[in-house]
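For the sequence shown, the numbering used here begins at 15 and goes up steadily by one.
Heads up, a few of these hints could be off.
[Claimed, not checked] Derived DSS-like pairs (lysine-lysine); straight-line CA-CA distance at most 25 Å: (1) Lys234 - Lys71; (2) Lys174 - Lys211; (3) Lys124 - Lys234.
[To be verified] Label-pair ranges, simulated between beta-carbon atoms: (4) Ser336 - Glu314: 30 to 36 Å; (5) Ser105 - Gly213: 40 to 46 Å; (6) Glu141 - Cys90: 40 to 46 Å; (7) Gln267 - Pro138: 46 to 52 Å; (8) Glu324 - Gly179: 43 to 49 Å; (9) Lys124 - Asn305: 46 to 52 Å; (10) Lys124 - Leu351: 28 to 34 Å; (11) Glu324 - Glu140: 52 to 58 Å; (12) Lys174 - Glu143: 44 to 50 Å; (13) Asn242 - Ile332: 51 to 57 Å; (14) Pro138 - Trp60: 58 to 64 Å; (15) Cys90 - Glu324: 39 to 45 Å; (16) Ala183 - Ser92: 22 to 28 Å; (17) Glu141 - Pro173: 19 to 25 Å.
Because the hints were derived from the structure by calculation, they are not lab data.
If you're wondering where the values come from, they're calculated on a predicted model, not measured in any experiment.
Glycine included, every Cβ here is placed at the ideal spot set by N, Cα and C.
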Amino acid sequence: MKGQIARRGFNGAMVLCLGCQVAVFAQVSTSRNDLVSNGSFEERVWCPGDYTQSQLKTIVGWVQANAGTPDHFDACSSGGKAGVPDNMFGSQPALDGDAYVGLVLYSQSKPYYREYIQSQLSRPLEEGEWLCAEWWVCAADKGKVITDGLGLYFTAEAPKAAGEGMLTATPQVSNPELHLLSDRWSWTRLSDVFQAKGGEQFVTIGNFKSPEELHFMERKDAPAESSNWAYVYLDDVRVRSVSAPSECSCLNQTIEASVTDPPWQTYQRKHVRWDAVLFDFDASYLSDEANAALDVLANEMRINRYLVIEVNGHTDFIGSESYNLQLSEKRAESVMLALREKGVDPNRLKLAWHGSRLPTGDNATKVGRQQNRRVEFELLEHAYLPISN
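Construct the complete structure from the given sequences, taking the supplied hints into account.
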């Protein structure tokens, strides 16, 4: 990370807006006036044989904008490197159909290395025309770095960069600053509206930010074989004409208005403890009240992808030590299962159970015993670390 995050106060930005996350099998809206041809990357010239195509010639209607090597992934591919859902960079089903593309947004070893994909629109844009751009992104499992650099650049001529270098441009539509693209479990929808100058007929997608402008962090839970890249999958790119900005979902604006600077937020929350979830005597099932409390916690964890918590199960003193230890484990597991069902990734939940060894209430009283039949939550160490160029 190049220092920008550390300079920012608590008014920074980094949270996924509610409603932006969807399951990979969700229905995707279609538009008759979509100006992007083959935006879901399903039409192919031939099946990709490997994850690195030095020339992007396998997808109909798309080319690269420099010598960087964007990747085409398709379920038709054999060998495991360029397939869907499993490929060289992890496992992710396509949002729509059987294919998607992958881009390196940033490389620790080559900070100015960039990969772009480019396509010609079905018609030139008209002066003053409002356009709604929408695309979906998912971080790859085996990318060690996450970043916020991703945008759509619309031009009258097809821009080209020398070698593997970056395109110096200001895209009309961008992922919001400090919205680090970290979600590896589901596709994230991004969308925004812009007004055409007139004559634009090409769209180029990739990272247009210099290393000095970028925000990036390193994953602590990345697999050992991970690359030192910020690598993302892209699917279902759409651009449509709208009569007014209100006709576009403009999720990017919602994200930008609600995000907070992740390192500052995490440091402030280091010793936070959430309210415990209580259980009936000798029970490990969740009450309606407990489920409601978990809704609040799950929502906070979906909003802040940097939180990792420990789920601690406890009992009162009634029963044998071995029985209480098993019961506290069941309680912790029931809470973890509920949080998973509410959309929290299990890799961000650590389980612990303690039986009756750590009471918070007086076991000699009914009220005290009720307080001890609980599951508590504690914030653990950061899921990500700041890095520098």
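Hint by hint, here is what the structure shows:
1. With a C-alpha separation of about 36 Å, the suggested pair Lys234 and Lys71 falls outside the 25 Å cut-off, and the hint is violated.
2. For the proposed pair Lys174 and Lys211, the alpha carbon gap of about 20 Å is at most 25 Å, so the pair holds.
3. Of the pairs offered as hints, the one joining Lys124 and Lys234 holds, with about 21 Å between alpha carbons and a cut-off of 25 Å not exceeded.
4. For the pair Ser336 and Glu314, the supplied restraint of 30 to 36 Å holds, since their beta-carbon distance comes to about 35 Å.
5. In this structure, Ser105 and Gly213 meet the distance hint of 40 to 46 Å, their C-beta atoms being roughly 42 Å apart.
6. Taking 40 to 46 Å as the suggested C-beta distance range, the pair Glu141 and Cys90 conforms, at roughly 42 Å.
7. Evaluation of the 46 to 52 Å hint for Gln267 and Pro138 yields a failure: the beta carbon distance comes to about 26 Å.
8. A hinted range of 43 to 49 Å holds for the C-beta pair Glu324 and Gly179, which are about 45 Å apart.
9. As the Cβ distance of Lys124 to Asn305 is approximately 48 Å, the hint placing it in 46 to 52 Å holds.
10. For Lys124 paired with Leu351, a C-beta distance near 43 Å fails the hint of 28 to 34 Å.
11. Evaluation of the 52 to 58 Å hint for Glu324 and Glu140 yields a pass: the beta carbon distance comes to about 56 Å.
12. Lys174 and Glu143 have their C-beta atoms about 25 Å apart, which leaves the hinted 44 to 50 Å range violated.
13. For Asn242 and Ile332, the Cβ-Cβ distance of about 53 Å falls inside the hinted range of 51 to 57 Å, so the restraint holds.
14. Separation of Pro138 from Trp60 is about 30 Å and departs from the stated range, judged on CB atoms against 58 to 64 Å.
15. Distance hint for Cys90 and Glu324: a CB-CB separation of about 43 Å, consistent with the stated range 39 to 45 Å.
16. Separated by about 38 Å at the C-beta atoms, Ala183 and Ser92 break the suggested range of 22 to 28 Å.
17. Checked against the hint of 19 to 25 Å, the pair Glu141 and Pro173 passes, with Cβ atoms roughly 20 Å apart.
In this structure, the earlier hints numbered 1, 7, 10, 12, 14, 16 are contradicted, and the remaining ones agree with it.
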